[in-house]
Each structure stands twice: as C-alpha cells, then as structure tokens.
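Trainee: Listed here are the chains, written in short residue letters.
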Amino acid sequence: MKKYLYALSLGIKETMAYRADFWLGIASAAFPIIIQVFMWQALYSGSGGGALFGRSYAQMLAYSVSASILWRLLKTGFEYEINEDIKNGGLSKYIVRPIEYLPYRLHCFLGQKIGVLFSGLMLMTLALTGVGLSFHVSPVSLQGVLLFLPTLLGALVLNFLIFFCVGMWAFWLSEIGFLFEAVRIVIVVLSGGIFPLEVFGTAVGGALKLLPFTYAVGFPVDVLTGTVTGPAVLTGLCFQLAWIGLMVVISRFLWNLGSRKYLAAGG
Amino acid sequence: MALIEVTGLQKTFEYTKKEEGLKSSFHSLFHREKLYKEAVKGIDFSLEKGEMVGFLGPNGAGKTTTLKMLSGILFPTGGQATVMGYVPWERKKDFKMRFAIVMGQKSQLWWDLPAVESFTLNRHIYEIDEAEYRKTLGELTEILNVEALMGVQVRRLSLGERMKMELIASLLHKPEVIFLDEPTIGLDFISQKRIREFLREYNREKQTTVLLTSHSIGDIEDLCRRTIIIADGTIVYDGELKKINSLFGERKRIQVSFETEEAAQRDLSRFGTVCSREGVQVVLEVKREDVREISRMILETLPATDFNISDIPVEEGIARLYTGRNSQ
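Top line first, the protein sequences correspond to chains A and Z. Quick note on numbering: the first sequence equals residues 1 to 267 in the working numbering. Quick note on numbering: the second sequence equals residues 1 to 328 in the working numbering.
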C-alpha cells in the first residue's frame, strides 16, 4: 500500500533530522559496556578462564557488546507519541481517515530504523572486530551474519508490537510516562539486552525463552555470535514468528477495545 | 432517506472525581468515585443533501461531542445515526473516503512538516490520483491565497493561515459531507469573512452537505439557512435563525430617548416591560400587536426626543434558549 510506504519515507526523513539523538543514544551505550567488560573479567578470572553459562569470555563480550548496540538500535520512542495522541486527541485525525493506526505507526518506525540501521550495524561490526582482534578469535561466522538478518527484521517488528501494546495502555491509564521507562527496564533485562538469559539459570532462563522478549534482542544476538546454530535457529525463528502473530492479535484487540474508550479530548 | 439521520443519539462520559490535596489523591489510589456526565441526551435531527446547517450551543452543550460521534471518533452510549447510509462509528473505509471533519481547535496537520507534506500524505491516505490532486490543490490554494505558504512548517503559520491549510487538507478528497467544528475560532474579522465566503461558494458549487458549529452568530447568519440549537445535551431549536424570536411570542422593542434623565426615571411599566434604562434612554418590550397603540401613547404623553421600534436581536433569543428560559 502506497500510503504506508509514504509513512515509511516520512520516518526516514525524520531520522535524518534527529541524527544527533541517535548517536547520543549509541554513545551512551559505551559506559554500561565498559562496566560489563570489567564485571565479566572479574567473573571469568574467578572461574579460572573456563566457560561460564556456556560461553567463553570472548563470546560473552561479543554478546554483551552486540546486545547493547542492538537494544539501542531497536529502541522505540513512539509509545510516547501514542500516549500523546490518545491523551490530547491527536488520534482523531487517524480515526477519521482511511488509514490504520498500527500499520501507519509500524511504517513510520521502520522508516526511522532504516535511517539508522546501516550506521548501527557498521558500529556493531567494528565492535565485534575489536573483540575478535583482542582474543584472536572470530566471534562471528558468515553463516551467523546471514541468519542474523531475518531474525533482525523479526526483532524490529516484534519490538514494535511489544511497545505498541504498552502504548495502548494510555487508553486506560491517565499518567503513564513513568510506566514506559519502568516497562522498558524490565523488558531490556527479560529480552537479554544486558546479559544472556542463561545467567538466570536453566529453569528461569528456559522459561524466559518462552516469552516474546528474548526474540526481540537475545535471540538475534545469539544467532549472530553463533551460540544458537543449526535447527535451533529455525525453532527460534518459528517462535519469533509465532510471537509476532500473537502480538498482532493482541495489539488489534487492545486497539479495538481502547479506541472505543477514546475520549478525543480537546476541541 | 435523508443524507444524515440522527435518532435518539446519546453520549454519557464517565469520569472520576478528584478532590484537591495530597490526602485525597492518596485516597483516590484505592477508591475512585465514578461520576457520569450526560453530554448528549438523545437528540434527533436530519440533514438533506446539499444543506448547510448551523449547529449552535453554549460551551459544553454537546456540539463537538455530536460531531465526533457523527465522524466516528466517539462511540455513542445510545441511539442511532447514519451518514450517507453508513454508521459512522463502524469506521468503514468507504465512509471515511467520503467525509471530512475540520476542527478549529485541533489541528489535523503534521506540525513538524510543511503543509504541502501533510497534503501529500493525505493524497496517499485518500488514494487520490496525482493529476486530480494537483488540480484540486491548485484550485484550493488559489482561492484561499496560500500558494506562498505551502513550504512553511505548519507550526510557523499564523492561526488564520493554518486554518486555511486545515480546510485544504480536508477538502482534497472532495468529501460529500463536511463537519466543521468552529472553523473561524480565534480568527480576525477579515480572515473570518474570507473563510465564510469560501465555504459559501464551496457549498454552492459542489453541493456538499455541511454541518457547522460556531460561536460566531455571524458565521451562522451568513452561511446557514437552517440552525439547530443544542443546550445541555438537548435540541432546543431547529429552524431558521431569523425566526428564533417567534419562540418567545411576537414581541418588539421600543427605544425611547427623553430630554432629561429625570424624565427617563418615571414609571413606564404601564406601557410594557422595561428592558433597560441608561441615562436618557429607555428600552421597552411590548407585544407586536400593541406596538402601534403604545407608540402613539408614548409619543402623546411623554416628552420623548427620539423613538425607535425594532425586533428583538437574534443573539438574545439564542441566549434565552441557552439558559433555558423558553418562555417569558
């Protein structure tokens, strides 16, 4: 549909205008990464250089760095706009027009991400090369990179849907701004955006892999860094797709329910 | 069947009571008292194709709520409405392609983009053919005289300029029904006049059906033959604006000026109801059939220097309807 492609191009234009914002976001990743490097160093030296949580020190660093960058790369912000639209009546202009809100927002989001994806991936390549050179290993295989790309697309869409659903809460709750940050912190942990889910132990980690969040960050990073390979990639992709499907259903349900409650304030 | 049919339309808003103070804020975390406001209390009216009808009412009377229900933004609590045969709140795509709503107080343009980007987005949203779009846009920008402002970011436009852009954005797809919610609010006299002229011409030429709310009686007098007045969620008048005063009986005003203020102070109640007394001037309200007789009596018995008979102003009739004083 042409109208949604136009929304995509609007998203790209917008990112071009707010580039500095993105780079500041990426730069802010540096500090937590440094902390993690020291933390893992301490933990691994304690283990006598052996593998922890099924990963070598180099693999763990490759994971942490990639996950940090990916999380910031996929970071949403449109939930604040949704909240704004719902609270101040800006939603009306979408409701009265022959355009659907979810696909419109999705395309704007994808457009914004296309604008930064290339630079983000370049940065990730650089960081992984750094890890590779320091440990004389290659943290990434060509197969991993090729399989990573579809999981990345899935992660983008899934991340969008998760935060779209969170944004829908604005139909019911009146002061929600702080909630978005709280939810984001929980989700970054549950998605493996800080450390791999294995850290929680087999039982909890395994249970968390049934939730959608890991398919938004942890899973693509695992595929990229080669922790998940072979048939497990396919299983993961199926989970990712299934969660996307389910989240679409949930989003639509919340939208239908919420937009009936919409008050169209102002004017 | 009429183009717009409204029967028994109702909207009740639910809200929670919030009292001042920290203690009650804390209290409201656990217990919230629900209150209900009946914004629209079961209204009926219909519009024929090509009609341009004024929708008047005091603040909070339910005008905007009604327009929002008719454009599918709000779900009603009860009653029915159809617009061009569609139930608005079913939000069917075909319906959305054929109507528009313009809100004076709520921009539908994208604030960070120049107006022309919003128009292009609308072109895609409404699936308007490129050539057709160029033609319509050319016409509209020329009539409204905004060609030079197309590339300016919407947030930098003046209120009047923005309003013109809002109109263009909502007319690009040639809607058959237009809801205008206070399109001239906050505009200066000249801009108001231009927008009015534009709307009149547009309605005449395209035979669009228009329902227009405004607080400016001028807008309505100028544009609409028929006016619906809503007060406190109920329709209190539906007819010609000029005839509004017939609701209050056929009455006339007699304005008399005296030579001195003392003369103006005398008891005049035997002639009619005294409406106002200012300096040497007194305004009386009398029954239409008595005008001739009372005028003669006043002129014969009182030291009047000036004398004038007029109709009760429309605004006063409306004001009486707003406050619910239907009869004298």
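What the hints contain is simulated information worked out from the structure, not anything from laboratory work. The C-beta atom is built at its ideal place from N, Cα and C for all residues, glycine as well. It cannot be assumed that every hint is accurate.
Partial selection, computed: residues in chain Z whose CB lies under 7 Å from chain A [said to hold, decoys possible]:
1) 93
2) 124
3) 185
Covered stretches of chain Z (in silico footprint by chain A; criterion: 3 or more residues with CB under 8 Å from a CB of chain A, positions within the stretch not fixed) [to be verified]:
4) 131–138
5) 239–249
Trainee: Please go over all the hints and tell whether each is borne out by the structure.
Mentor: Structure-based check of each hint:
1. For residue 93 of chain Z, the shortest C-beta to C-beta distance to chain A is roughly 5 Å, which falls under 7 Å, so the interface hint holds.
2. The closest approach between the C-beta of residue 124 of chain Z and any C-beta of chain A is roughly 4 Å, which is under the 7 Å cut-off, so the hint is satisfied.
3. A distance limit of 7 Å between C-beta atoms decides the matter here; for residue 185 of chain Z the minimum to chain A is near 9 Å, and the interface restraint is violated.
4. Three residues within the 8 Å Cβ limit are the bar, and the segment 131–138 of chain Z against chain A gives 0, so the coverage statement is violated.
5. Coverage of the segment 239–249 of chain Z by chain A is violated. Counting CB-CB distances below 8 Å, 0 residues qualify, and the rule asks for three or more.
Hint compliance for this structure: hints 3, 4 and 5 are not met, and every other hint is.
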